[in-house]
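Sequence order for the protein chains is A and B.
Straight run, no breaks: the first sequence in our numbering ends on number 344.
Straight run, no breaks: the second sequence in our numbering ends on number 1467.
Don't take each hint at face value.
Claimed, not checked - Below, in silico cross-link-like pairs of lysine to aspartate or glutamate (EDC-like), each with a Cα-Cα straight-line distance of 20 Å or less:
| # | chain 1 | residue 1 | chain 2 | residue 2 |
| --- | --- | --- | --- | --- |
| 1 | B | K1158 | A | D198 |
| 2 | B | K1391 | B | D1239 |
| 3 | B | K981 | B | D1175 |
| 4 | B | K1097 | B | D1074 |
| 5 | B | K1089 | B | D1040 |
| 6 | B | K1391 | A | D73 |
| 7 | B | K1089 | B | E1063 |
| 8 | B | K1097 | B | D1050 |
| 9 | B | K1136 | A | D158 |
Calculated from the structure, these hints are not laboratory results.
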Amino acid sequence: MLRYAAGRIVLTVPVLFGVSLMSFAIIHLIPGDIVSVLAGPTVALDSEAAQNIRRSLHLDQPLPVQYGIWLMGALRGDFGNSLVMGLPVAPQIASHLPVTLVLTAMSLLFAIAVGLPAGVATAKTRGRWPDLFIRAVALLGLSTPPFFVGVAAVLLLSLYWPSFKILSAVDLHHDPLGGIRTLLLPAFVLSLASATTIMRYTRAAMLEVLTEPFMATARAKGAGRLRVLIRHGLRNALLPVVTAVGVTAAHLVAGAVVVEQVFGLPGIGQLMLNAIYHRDYTQVQATVLVVTTLVVLINIVVDLSYYVLDPRIQQHG
Amino acid sequence: MRAYITRRQFLGSTGAGFVALGYGAAPAGAADEAPVPKRGGVLTIGQDENPIGLDPHKTAAFSTGNIAEHIYTCLLRWDETSSHIEPDLATAWEKPDPQTFVFHLRDGVKFHNGNVLTSEDVKFTFERLVDPATRSPWVSIFSVIKAIETPDPKTVVFRLASPFSPFPNYLATIKYSAIVNREDVRQRGDLVKGGAGTGPFMLEDFRPNSLIRMKRNPDYYELGLPYLDGLDFRIIPDEASRMAALRAGSVQLTWLGRPDSATQMRDVPDIVAPDPKSYSRLMLLEFDQRKPPFNDVRVRRAFSLALNRELITKVVWRGFAGLTASLPPMQAPFAVPSGEVLGLPYMKEDVVAAKALMAEAGYASGFEAVFAVSPANYGDVQIAQIMQQMVGRIGIRIKILQKEWSQLVADFQSTESPMSMAGLVWGPDPDTNISIRLDSNSTVNPGKTADPVLDELLAKARQSYDEAERTKLYRAVQQRVADMAYIITPCAAALRWEMWSNKLQGYRAVPSAQRVYLRQSWLQ
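Given the sequences, and given the hints that come with them, work out the whole structure.
Here it is in structure tokens:
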């Protein structure tokens, strides 16, 4: 087990290195000049003032040198100072990350809580009306983008249920319960597409398992219907579902950017979006690195959970 | 000798008018209907953008100014029409000669940290503004200050390098010259996370991308103001969400950036959504005048003649826009009023004359040109598309190139594109935007305009302290720019559409979108 886990973790090092290289390079490939943003449209770009800004930010150095300075800092948890605000980036990320993590975790819980039972139910009632009905609803959920559902939810609730304070500020640090309450609706909106994905995977896997001989054996041995379905059926169907959950979790992190924007949540997606908008190189690099690292970590967790769920992996992995 | 002084300035500066000033801007209905201001309550504002730091000296960003304008005040301030200035931290000022300004500071003004305002703080503020380490975008403007003297704690003397009539206007604009406390800046290093100002509200909490909380400044120098106990700026970037939040009452004041959204809110009960009073955002198209075809004035004139400006304001802005010359209508009295714009040379649509000019310039069969525009703000791309069709009629085949905003700004300056357009936001003085773009001495001057006649007019206007004379000069500037078609101004639009709950009383929206009237607003 340990060797397997260690192997997985070691493998992420080159991945993360690649990620760091990409997040550093991407921002430099986009056209435009940070100095024009910092100095404002009234300052000439070749003026002394503009040159001073360039120098003070090491932008006059060759790219490999800039990357070296940045990577060394990043390894120490120092992502440098925001180009636009001048404040250190790391504390900004630390204050915005919890909102995204809680939002994503809540969405994932919603998605699993809805998707898993729905998947089992549709597989069990295959071809009959509950199956058709749930799948129709799910298709709708999958094909409606979160920014639409989000705006619609905000608008409808504000019109018909104004006392439901949808857009109040989130402060997980001082008021965790209030913060979680505010995150309920955004998390629900974010979870829709994921719940559908999980449902569809569960249904497909269950359909396969339901026809396996061991299911008949279990029933023949006198196990209860529900026990057969869950203990023997679902457990064996879980492997592809876990993969789906992993992929979904990564999607949720990306979807959080949109949902945070619609609900005005101070998460990492907002931070990243603002940074991109203001061309705040250091902040973009740091947020992209953190988000991709998050996705890589989720994938590790998924990989490790295969091991727990299916001991056969041990022999091959 | 006093600077061009209005009745209001006189009343204010004598002190007798002080009380009248504070209440003067409240809605002046019939005496028996006048609402009585109520103390208390916290106003929640739906803010569209997270400020990029709160240091008022470090950035030109609108998002920072929106917050700083409640924390800080200036020597002077704008009156309710945003067209004249009145006393603020300085209760009176003199101009003994065209290069000297003397300001007398108000008594007993305290910064939020308890320090008393002295002339040293004023001196420090302007030294900080021109210090390269501050990286203020306004260094070039305030470099006109040669020396600052502080003969006593209540008097500041500015010695200018040359007569500079825009000076008082910059001193009245928080985005340009918020007065900071020397002690406070020394302690904090910078004011990015907030600082101690002299404004009606003080910063209590700054949670990036979430909330900015301010509380009432009990020591604010206008008696009895502000009425509100606090301001909560809730950062909600999505426009539809802000509209919903206003409907639900989660926020009581917000603004929108799109005319469509604004019209939707007009008929919502209990929401006050006034039409913009004047237009401050100038749409501005520039040509590279060094290269053919736009080095030929006949081509530029033909371009101008091919446009139907009234149609542009109607289609793109749903009528929330005005015709404009090279100064936006808000810059009255200097700007040519919207109603007179079509009377300027080459402003009124005339396709036949345009075609004739094209033929005369040797482009009877037209030409192709690239037009760079940024989709960052509403209106720009839409206007470009309409203009594309309009000038297509005279053979100018435009290829629209959408560019990322910062790229557009950079290319604008290096004149990479033969044509580009951007919206310019309000500047405190008519000189602010027009000189930067058209004066041959300006380092920006994207179109590389070099016109001695224009340079002289601009220099004279910059140095004249007589409003009537300045108006005459700027009218001549606009006439000249239209005649030579150096730039094309298809329209001027509103910067923001402000709207609020009818529970908020005593508030008024101003075209420059500064929310300074919150100091005398209250919640019913």
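Practice item. Please write out, lowest number first, the hints stated earlier that are contradicted by the structure. Key: Of the numbered hints given earlier, those the structure breaks are 4 and 9, listed in rising order.
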